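Dock chain B against chain A, hints included.
Here is how the chains run, residue by residue.
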Amino acid sequence: MYRISVSPHIHSKDNIATIMWTVVIALIPALLASIYFFGPRAFWLEMASVITAVVTEAISQKLLGRKITIYDGSAVITGLLVAFNMPPNVPFYVPIVATFFAIGIVKQLFGGLGYNIFNPALAGRVFVMFAWLPAMTTWNQPLDPKWLANFSLFKFNIDTVTTATPLAIVKAKGTSELISQFGTKINLYKDLFIGKCGGCIGETSALAILIGALFLFARRIISWHIPLSYIGTVFILTFISGQDPIFHLLAGGLFLGAFFMATDYVTTPVTKKGMIIFGIGCGLITVLLRLKGGPPEGVSFSILFMNALSPLIDRLVKQKVFGVKK
Amino acid sequence: MWYLGLKIRTFRAGGVKPKEHKEITADKEIVNFHIPQKVIIPLLQHTGKPAKPVVKKGDIVSEAQLIGEKDGKISANVHSSIPGRVVDIGNYPVLNNLKTPCIVIKLEGEFKIGAPPKDDWERLDRKEILKRIEDAGIVGMGGAAFPTDVKYSPPPDKKVDTLIINGVECEPYLTTDYRLMLEKTDEILEGIKIAKKILNVEKVFIGIELNKKKAIKKFKESIPVKENIFVVPLKVKYPQGAEKQLIKAILDREVPSGGLPFDVGVIVSNVATIYAIREAVLYKKPLIERVITVTGKIVKNPGNYKIRIGTPISDIIQEVGVTENIGKIIIGGPMMGISVSTADIPVTKGTSGILFLSEKEAKKVNYSNFKACIHCAKCVFVCPMGLNPSMLSILGEMEKWDDMTKFNILDCIECGSCSFVCPAQRPIVQFIKTGKVFLKFRKER
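Residue numbers (this note's numbering), protein chains in the order written: chain A, 2 to 327; chain B, 153 to 597.
In isolation and in its complexed conformation, chain A is listed as follows (with noise of 0.2 Å):
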């Protein structure tokens, strides 16, 4: 007797755990950003969130008698995207209970990977961000570059002065100060771009963020509908409300929500259209908490909002099928 299956016998390269191992590489380049500017107490914010992940991971799904899929790498990206959206100075407890709520509620509790209706990270994001808001709206100024030359792993603490994320002090004082902040109008572009500002870990910098990117359009794991329509909305109406759209690209969660976060498989649309959908919707919302709302950024709320539109949108929104005339 020969093996039987039904067709196709051949199978491309790709498999969850390719994917989601690929996706972690793209993550290094924020990620060594991240300690580039908050120092090695962002290494061990991530390290902390990265095994609470995974040590989630393995006891809810020994709990729940699922397979354990540790391996799979998906509890990694979740660890390590909850530490990128912490400030510098958090207590480690919080990206611990973060990541703990990520994995073991938002995740495992609503069927695990496939199944859960929202971005885990973003999820636990957000509810810590309710439990600890002072902790979790405290912001460090990135350290001098100079700290590298005495570089040692093992110092826990970060030793700047706290500072206002650029979107809050444009939402408390205006733009003119903060140009006066960092200079000059270019200065500030420069900086947001390359991450030298008050902000998340691994959100601050644009740069890093792109070059993962970058890589996972080129090993096609993400495609550009999401990111595009997500980050062209909120370039064009924060144009349109007379904002400076390139500040609002750069400033803030933007990049790596709209690359990282909102292209989450599971919790997005699968059609292309639908795709186009869901960026609109995050980028009108984020521009809308943004600019009316009471909190400088809402790149996390918008995400988790259209995650909860996402399966409407798979009912509703067909492509052209071959052959049916529209």
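Note that these hints are calculated values from the structure, not bench results. Remember, predicted model here, so these are calculated numbers, not experimental data. Using N, Cα and C, we set each Cβ at its ideal position, and we do this for glycine too. It cannot be assumed that every hint is accurate.
As the list claims (entries may be wrong) - Listed next, the in silico SDA-like pairs over lysine to any residue satisfying Cα-Cα at most 20 Å (straight line):
hint, chain 1, residue 1, chain 2, residue 2
1, B, K588, A, G324
2, A, K63, B, K523
3, B, K369, B, E339
4, B, K512, A, V7
5, A, K321, B, R164
6, B, K204, B, D287
7, A, K321, B, V416
8, A, K326, B, G410
9, A, K14, B, Q577
10, B, K588, B, M550
11, B, K512, A, M2
12, A, K68, B, S520
13, A, K326, B, L403
14, B, K523, A, S13
15, A, K14, B, N518
16, B, K523, A, A59
17, A, K273, B, N560
18, B, K516, A, H12
19, B, K458, B, V302
20, A, K326, B, F414
21, B, K279, B, K348
22, B, K516, A, D15
23, A, K68, B, E549
24, B, K389, A, K63
25, A, K63, B, A524
Claimed, not checked - On the chain B side, residues computed to face chain A include the following (Cβ under 7 Å):
hint, residue
26, Y155
27, G157
28, P170
29, G479
30, K480
31, M487
32, S491
33, S493
34, V517
35, C528
36, V532
37, D563
38, F572
39, V581
Relative to the frame of chain A, chain B by itself:
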């Protein structure tokens, strides 16, 4: 993009590029396979009703003698592929069906010597040509094995203006059409002229993918001027050989959902079918043998063999030899072919290739412990029909057959591109096939 001054075409939506592996047999000339001691000839090798047996157990039959007569409009004649004695008429396992009526013939007696006389087909009228095709039991040799005489008699209200010759051979590993196009170029061109006369079409296009440049060149050089026959180079992309995609690529016409090519004025025929048509019309030769690619990394003597219909796979394994244990036997190509559990089954009119995979290769694709859909959308992006395979597989998993119709399940051509790319290794094609069966069953009740 152009090749030899010809515009390169392709279909737009979806498609995948599996590794080709055609190099194993691409340079192997067509050779005759040995005459089998015993043939198992199924009475159903085509789409439609099985043929009715016209011989009895114990009868002596000659080569090419009619042994099964077509039954009803959509059916096809079946002939003996060797001279011999009918030793059994009964049910045998064939491809995807464990019980198909077959006629088993044991080699006995002699072959007729000498080539049959060649007819001047140009003096034959359309009806006579069609009759010869029908008598010879010609069916589409690309896959679906639809009776050719029926296909070439479209309903009178359908105006057919174009004939497309399918030389795409987009399935990995297979090289039969390629070898035929290289070695029998003139014969195929004559076959095309015959088909053109039957269908009375204005234009003929021969679609060939760019991984068969020699064949494109050969046709371009051989086509006589003023014949309105054009060779069309196509970008290498699976499933370009699927009828609907091929028509879209060459003519930019879209066969309507649930429709057939003649709804957009087209008939599509595989090159092997065209070759068989010529033999049937010129020599009254029935379809009793065909070229089959026998291939796989574990095959000692892979090649393109002309094999008698009814030859058991076990005979073929013995002749070509394998270097290690066979894990999987696939009839057809790896994307749409059917895997069989036993080597006792015979080759039929629709068998274009036999692929042997090693245990290791076979184990690589394992649908038994598939994972949850992670909504990566890869399947949606590669679906050449514009469907949402992700949703169909989820609905199929939940056995929500009715909901599957809302997602156009019946438009699926089962090309397998979705399962090929699925990182969760979901048996998407399986869910869809099962859904179709359930829906059909429900409709019939």
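Practice task
State the violated hints by number, sorted upward, taking the hints as numbered earlier in the document.
Solution key: 19, 24, 26, 27
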